[in-house]
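J.: Now for the letters of each chain:
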Amino acid sequence: MSEIKSTPERRPTPASLRTPSKRVCTPPIDIYEDQDGLVLRADLPGVSVDTLELQVQDNKLTLFGRVSTSVPKDAKLIYQEYHVGDFLRSFILSDQVNHEQTSAKLSEGVLELTLPRVTQSEPRRIPIRGE
Amino acid sequence: MAVFRWGSSIDAFRDLEREMDRWLRSVNFSMDGVRIGRQYPPVNIYELEDEFLLTAEVPGTKADDVEISIADGMVTIRGDRSDAATIPEDRFRRCERPRGAWERVLALPERIREDDLHAELTHGVLTLHLPKSPPSQARQIPIVDSEPPAGSNEAPGQ
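These protein sequences, in sequence, are chains C and G. Residues in the first sequence are numbered from 14 upward in steps of one, following the working numbering. Residues in the second sequence are numbered from 1405 upward in steps of one, following the working numbering.
Just so you know, the hints here were simulated from the structure itself, not pulled from any lab data. The C-beta atom is built at its ideal place from N, Cα and C for all residues, glycine as well. Check each hint, because a few of them may be wrong.
[To be verified] Pairs of lysine-lysine residues, derived as DSS-like cross-links and limited to a Cα-Cα distance of at most 25 Å, are as follows:
| no. | chain 1 | residue 1 | chain 2 | residue 2 |
| --- | --- | --- | --- | --- |
| 1 | G | K1536 | C | K118 |
| 2 | C | K118 | G | K1466 |
| 3 | C | K73 | C | K118 |
| 4 | G | K1536 | C | K89 |
[Unchecked claim] Simulated coverage check for chain C against chain G, where a stretch passes if three residues somewhere in it have a Cβ under 8 Å from a Cβ of chain G:
| no. | segment |
| --- | --- |
| 5 | 56 to 62 |
| 6 | 66 to 79 |
Let's have the full structure, built from the sequences with the hints guiding it.
T.: Spelled out as structure tokens, the structure:
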């Protein structure tokens, strides 16, 4: 049973998140379980707190990180192994994740999302009254 | 679908090639950006008038965990990312991020002022500045006249 599913990027993405001219990359993620729920970590090199958007709509959590290049404009690219582009990925959260309590932290280009489990309600005994 | 004749078969192949390219571009590779089987970390090199810039994506790595050295025209970048090391393997639902120790050795494009190297690490992107050394003065190479003195190379016995 998985409480969180990654959805392949289907177009169209929300209009506000689109940047037509730049390349969009899918960031690699880890998801692991701890005592309180799930933790999601995503590699977003070049993304700062100001350029990261996290959006929850219905069950869908979308992360969008805008990357601004640190290289001067007149620099000439002479060797390339990666593309500088914005990061986009979305996930479907199940009902077992407490959407209200989700918290996020970004450091050194790594986003850490804490997704606590919904606390199960205790079974309640129903008293039966005899006639 | 266009019907092609013998006379224009090359053009038809060009069309096919163009169609394939177009189709490949339109395919949405959902694994794009997930770096499997590639060298870690990926590196770009830029050239400016007076320096080269080497950038590498090293998310989750602190400045203290990166070591850069330069020798014999090669630059070596070493690091370790161990932020997930304390989590037991069976806890993972999904595991795509590269982990562990890494090392890249790259040849430098040309002569570099090795004493003036500096690097910064911001938001998981490492930028290494490699200032170019000034072009060295053209040096005249003296040519020694090795032609033997006249008369000595006469074949003996004449």
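J.: Take the hints in turn and mark each one as holding or not.
T.: Verification of the supplied hints:
1. K1536(G) with K118(C): violated (39 Å)
2. K118(C) with K1466(G): holds (16 Å)
3. K73(C) with K118(C): Holds, at roughly 19 Å.
4. K1536(G) with K89(C): holds (15 Å)
5. 56 to 62: holds (count 6)
6. 66 to 79: Three-residue rule not met by the segment 66 to 79 of chain C, so violated; n is 0.
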